[in-house]
Structure formats: C-alpha cells, structure tokens
Amino acid sequence: MSTHYDSIDELSQALLDASYLPDRGLATALFLSLELEKPLLLEGEAGVGKTEAAKALARAQGARLIRLQCYEGLDVAHAVYEWNYSRQLLHIRAAQEGAVSEEELFGPEFLIRRPLLEAIASEEPVVLLIDEIDRADDEFEAFLLEVLSDFQITIPEIGTIQAARKPAVVLTSNRTRELHDALKRRCLFHWIGHPALEREIEIVRLRVPGVPERLAAQAAAFVQGLRTLDLAKPPGVAETIDWAQALAALGRQELDAELVESTLGSVLKYHEDFETVRDAALARLVEEARAVAR
Amino acid sequence: MRDRAVVRHVVTFGRILREAGLEVGPQRLQDALNGLDRVELARRDDVYWTLRQTLVARVDDLAAFDSAFTAWFERAPVRPPMRAVEQPQPIRPSVAFGERPKDDGSAPDGELQSKGWSAEEVLRQKDFASLSPGELEQVKKLIARAGACRPERRSRRLRPHPRGRELDLRRLVRGSLSTGGDVIERSFRRRKTVPRKLVLLCDVSGSMEAYTRALLLFVHAVVGSGRGVEAFAFGTRLTRLTPELAERDPEKAVAAAARRVVDWTGGTRIGASLKAFNDEWGRRALTRGAVIVIASDGWERGEAALVGQEMARLARAAYAVVWVNPLKGSPEYQPLAGGMRAALPYVDRFLPGHNLASLEGLGEVLAGIERRHAA
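Protein sequence lines, in the order shown, are assigned to chains A and B.
Quick note, the first sequence lines up with residues 1 to 294 if you use this note's numbering.
Quick note, the second sequence lines up with residues 1001 to 1375 if you use this note's numbering.
There's no promise every hint is true.
[Claimed, not checked] Quick list of in silico lysine-lysine cross-link-like pairs, BS3-like style, CA-CA up to 30 Å:
1) LYS1140/B x LYS1328/B
2) LYS184/A x LYS233/A
3) LYS184/A x LYS1252/B
4) LYS1192/B x LYS184/A
5) LYS55/A x LYS269/A
6) LYS1192/B x LYS1328/B
I should point out that these hints are in silico values taken from the structure, not numbers from a laboratory.
This structure is a prediction, so every number in the text was calculated from the model and none was measured.
Make the full structure from the sequences, and use the hints.
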C-alpha cells in the first residue's frame, strides 16, 4: 500500500523530508492527484522544478519512479512493450521442428516491458513520470489518453493487462504546443511559476547543504534580478541550485562582481544573454543582491 | 453528506467561468466538488488551488480564473467576461479591392485575352493589388488550393514497406514459425513521412494592405491543411491568429482575424514583433525544426539592427526560413529597405507573393522544402 496522506500539510512535510520544498499550490495539486486518482499535468518555464516534483513524490512515498521521456517519434515499441525478437528466433531454432507454438513464442518471457507497461503491471507502488509530453507527437498523445483513462494496456498476443493499483501519474509539459483538450480533461492542471525570493532562498539552502546563509540569499536575489531582465532564456530554480553549488564549492562567503562573472556560465546558457548581463547589468545586480543579505 | 451550499457555489462559479470563456464541463465540476471534499474549506488558499487545478486547463485562462475567483470569493460584483466583445468590424475595403473603372489601365488584360490565354491564367498573373472584388472572389478558391501543400519530414516511426531498409522483426519472427526458425521471407519497414511544423507570420501593416487579404486567405488554407500549423499577424505588435483562422469558412475566418488584430493597417515594427515571437514562442521550441514563412515587405519603422538580430535567432532554431515579399513581384525591386536588407542573410528562400502564380510557387516550395538552402 502506498503511503496515504490525510492532509495537504502531511504531504508537504513528507516532501520536505524528501528534500523538496513545495509551495501550497503544488502540494495541493499533488494531494488532489493522489486523492482523486487523476493524473497531474504540470506546466511551467524550463527549470522551475516540474520533473523534480515527481521525483520528490516518489521519494516521499517510497515508491519506484518510472520515467518515460517523450520525444518526437516516440512509439509503442519504446513506450509500452516490445517483443524480444532475437530470443524468439533462438528459441525457435533450439526447439525441435514444429515444437514451438505461437502462444509459447508470444508469452511473457519474451516480452520486454517499457515504462508504461511496467507502471501498469507493477505490483509495488510506483510514480509514473511522463516527461515533456509536448514533445511526443499527436498519435502518441491519443494512445496515452487511452492508457490514462482505463489504466489498462492491450497486447494482441497476450490480452489486456489491468493495473492492479492505479499508479500516481505526473505529466510535464514545456508548452511547445497545446495538448489535446481530451488529454487535459483527464488531468488536474497546475502551472508552476518562478518562486518568490524567500522561497528560492529556502530551496537553495535545502538543496545545497552547507551553503553559507548569506551566499544562498545573495545568489537567489541575483537570479531573481536576472529574471527581470530581457533574456532569451531566464534562469530557473535548477540553475540557481547549480550555481549555488558551484559557489559553495569555491568556498566563497558572498558574491562579488568578479566571482559572478567567472561563474555566470552555470546560470545563463545562451551566449547573448551572458554578454547582455556582463555588459549592462552585472554590477548593479550584484549590488542589489548584496543589499539583500549583508 | 455534501453541503448543498457548496454545490450551488461551485455550479454558479462554473457558470461565471464559462461566461469568461473557459471550457468547464460537468466532469470538471465533479472533480472540483470531489477535491473540495478533501481540503479545508476554511482555508482560502486551498479552495483557490483546488478550484484552479480542477477547473482550468490552460495557462492563458489563469488570469480570467483569478478575476472570477476574486469576484466570487470576495463577493464583489462579477465583472463581465474577460475578452471584451469588440464591435464586429468589417475589413475596410481598401482602394485596391474597391471597384475601379473598367477603362483604367486594363489594357494588359485585354491583350492577354486576345492572345487566347485562359481567364484563369490571366488571374493567376495579375497583381493582387489590382484585382477587382469579383476577380478576388474567383481567385479565392485557387488560393485555397495553393495553400493546401505542407512541408514534410521523415518520422522516426516505421511502417511495413516492400522497399524499406529496416527489417520488420515482428513479422519476420511470425513468418519463421512455420519454418523452424529459418527466415525465408524478409519483411521490411520504412520510415513514414509526416507533416513538418509550419509557422506563418503575416505583416498586416498599412504598407501591406493591398496584399494582406489574399495572404491571409492563403494562410487560412494552410492552417486548414492539418495540425502543426501556427499563424501570427504582426504590425506594431504580434497577434496569434491560429484559433481565428481555424474556422472553416474563409470569409468568416479572415473577418475574425481582422477583428482580433488591433494594429491592422497600422505601422510596422518587424524587429520588435519578431522579438516578441522568439521570446514567447521560440522559447517554447515552436520554431525548432519548423519551416517559418514570413510575409512582409520589409518596411521597418524601428531599428533594422534588431531585425537582423532576431532573424538570426529565428534561423538558428528553424529548419528553413522563407520570406515572401509582394514587392519582389516587380522586376525593378531591390531589397534596399533597411529591415529587408538586415533580414536577407538569414533567409533560405526569398519569394514574391504578389499574385496567385507566386502563391502557387510558394506552395510548391513549401511542399518540397527538404533541407536548408543557401540564401
């Protein structure tokens, strides 16, 4: 039996114990998803912690995380199941002539389980993460819709496999395209925005153990400042965490312009953004960040 | 036992949301009620999140939800639906589409006809700017046909094909059952082709006025050709037109698009519009691997340098960039306008778009576009 939570607060605490600091909105979303047994669709800018939320839920529940990374051209053979053809051929060869029946050949021992089947067929509690669903193409989305409405998968040679227990399902999307309304109707929807300053500082301190308090606050404040600029790719929380890790590894206690310039590469991933910040705003943002925590 | 007051509240709230343009079906209301059963109704936050997560499915609807929630929860008088209903505003008949005297410089038509050209061929070559409304009506159908071509890409999916390159193992194993594992007949699979993403950006500023309508009809036909097409208009700002142009009837669709665009026949800020496009849509990877079509005369009121910079960003992500410029239909045309000159280095195909023949040409280019061309 997977862990049951009586309240949103209880789930929040469990996530916190799993090193994830959810805001009230996300905690509510995850709570309702578990309670109503509906998949949760998480959308938001890159790097705000969509994927991490699913991982944290799995950790908190002590459940296995099964991840399906979507991409253009993803098909049933890679998402659901495939037959182990080389083993099948060997098996036919090894057996005496005519001794192999079709039922035998298309039995469970020759079946390769891919993430969706794995999640449906699992006896233990699992969290199924369907990552970047917007990258898969329409046909796959339609197929997924079927799986998510009935939690069953049909394999022509074997029959229908019904989930023993409905897995917790989290879908993430970067909104490269709108998803089908039908799929959305199956899901609860939560939009994750960038966190407020106080929360971002807390997240950094939680995720980078041993980071000096002042450094965490200044790094978070600096990144918040970056987000107000007109950048091609504003940094997400993931970047703040990476950066704080780098800064802490350098043994620094606080930010200065020189340090920022030499480490900014872990925050800004586009050369144009890097140049924009270095030439126009760096000194000012460092000053502002230092003013947050002296 | 569910509190009847809560049910009534949620149902009323659903109605308010529907008036604001959200799609709130019975299933969503049911989810909302089930959700509310499980959270503390005394906590405003929890009620807010529960309703938002069960009743809203799109980011674009969040603002409408928030104002409706504030109005409902705090019992403020409910505001009218978010999207103010604008006065239906017919497309302004431009000089170009207006009736013009028959004897006004129409010699070429007569000349061509006397040489035995078909009427369709004449229309095909005639500049959109000089079509009469009657002629435009005739051209409409042909434009729709020209716009039905889509660029394709090879999918990673395979399907059985006698001349495919990859072995179809599933069939092969099945086939070899009867032969004791000896493979007699080989089955092959091949990649199938699927439509490539296509994004069209149409300049609707004043200087393009004579062509906007014909180009939008073309865009409408492309949008109608299947999924994976996005359409935008720009003048001084960017407007997404895909939902408006998804309407089947071309007249209604173009009229809806014209109502939607606030800067119709206004000024042009190509650079700023492209930037807005890259920022909002490019970041969401809409442009990645897509064929981008920009229809504009390249007259930029803003800074040309910005046009170049944003075109560079666009070209890096896109599969191919096609620029359609109605002015290019004239033999004397040279791309000297600042915006056009700045954009050209990043354009793979530079085409005219002043008459039906050139739009048919565009359709063929789009259907056949395979790899990146040098400008």
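Hints and how they fare:
| no. | hint | verdict |
| --- | --- | --- |
| 1 | LYS1140/B x LYS1328/B | holds, 22 Å |
| 2 | LYS184/A x LYS233/A | holds, 27 Å |
| 3 | LYS184/A x LYS1252/B | holds, 28 Å |
| 4 | LYS1192/B x LYS184/A | holds, 28 Å |
| 5 | LYS55/A x LYS269/A | holds, 24 Å |
| 6 | LYS1192/B x LYS1328/B | violated, 36 Å |
In this structure, only the earlier hint numbered 6 is contradicted, and the remaining ones agree with it.
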